[in-house]
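One line per chain: the protein sequences are E and D, in this order. Read in order, the letters of the first sequence correspond to residues 1 to 103 in the working numbering. Read in order, the letters of the second sequence correspond to residues 1001 to 1171 in the working numbering.
Please keep in mind that the hints were generated in silico from the structure rather than gathered at the bench. Warning: the hint list may mix true and false statements.
Claimed, not checked - Distance condition first, Cα-Cα at most 30 Å in a straight line; then the derived DSBU-like pairs of lysine-lysine:
id: 1; chain 1: E; residue 1: Lys91; chain 2: D; residue 2: Lys1050
id: 2; chain 1: D; residue 1: Lys1029; chain 2: E; residue 2: Lys91
id: 3; chain 1: D; residue 1: Lys1170; chain 2: D; residue 2: Lys1029
id: 4; chain 1: E; residue 1: Lys91; chain 2: D; residue 2: Lys1081
id: 5; chain 1: D; residue 1: Lys1029; chain 2: D; residue 2: Lys1081
id: 6; chain 1: D; residue 1: Lys1170; chain 2: D; residue 2: Lys1081
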Amino acid sequence: MEFTPVYYLIPSLVMFCCGVYGFLTRRNMIAMLISIELMLNAVDINFVVFNRYLFPGSMEGMMFTLFAIGIAAAETALAIAIIINLYRVAKNIDVHDITQMKF
Amino acid sequence: MESVGSIIIYLIIALSIIVFSVLTVTTRKILRAATYLLFTLFATAALYFKLDYEFLGSVQIAVYAGGIVVLFVFSILLTTKPGDNSEKLASRSRALGLVGAVAMAGVAAWALCSRCADLFTALPSMQNPTMHQIGTAMLGTGYGQYLLPFEAISVLLLACIIGGIVVARKR
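Throw the hints in and build the complete structure from the sequences for me.
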């Protein structure tokens, strides 16, 4: 058997759909953030697999993944700062209970 | 033709990615979700190593598994009481999420299997990118080199540090 790109894209697809499911159903803000991380990670895998199989001589996909990892770290740090601040104000990080910022 | 060891390693990586990402979004203890996310990220790093990107795998372990998951665990411990379970999901929202995720998976898998016939190629041989090549590509200004995004992301990270302090400090 030979490994074609599809062998790597299927786990990545499953990971992305798990992220979508978690983002739609979770109510805790940190759990939603974890789902977002899953989706970002799945996209990173796709970049790397396409780079490796279609353009093995160049490093574009790898560089995109490196920068995506950096941006994901920045985004997570800032989101967690916001969540901690919100917890201090509302004593709760359930998205259904925090309605003060609506509209 | 792949060797047996390679197939076994692939199966371990793919199965752990699938199983742990499903567990991440279905477990009801939030701290366990963070732990399963850690395992998923480790499996992804192993995938990068298997595809010959050693530097990328180490960055994945250092930044994601070492940095982001620790941030998650700290913030979970700060914002939830120990022994807290998240509530059982209402069946309506769970059905909605399942329909959305499965529909997306179906469409994407159909597109993948029917439209991407030219993707069914074997793994081409590749020189592993050395640290020297990666450093040159990151700090050059020519074609296929990334000085501008590198500087932009450094400014972004600085802004993120300052923003994090300003947002989260006590008033």
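Hint by hint, here is what the structure shows:
Taking the CA atoms of Lys91/E and Lys1050/D, the gap is about 44 Å. The hint is violated against a cut of 30 Å. For the given pair, Lys1029/D sits about 19 Å from Lys91/E by alpha-carbon distance, which is consistent with the 30 Å threshold. With a CA separation close to 29 Å, the supplied pair Lys1170/D and Lys1029/D stays within the 30 Å bound. The straight-line distance between the Cα atoms of Lys91/E and Lys1081/D is roughly 11 Å, inside the 30 Å bound, and the hint therefore holds.
A C-alpha spacing of about 11 Å is found between Lys1029/D and Lys1081/D, which places the hinted pair at or below 30 Å, so the restraint holds. Distance restraint check for Lys1170/D and Lys1081/D: the Cα-Cα separation of roughly 21 Å lies within the 30 Å cut-off, and the hinted pair is therefore satisfied.
Checked against the numbered hints listed earlier, the structure breaks hint 1 alone; every other hint is satisfied.
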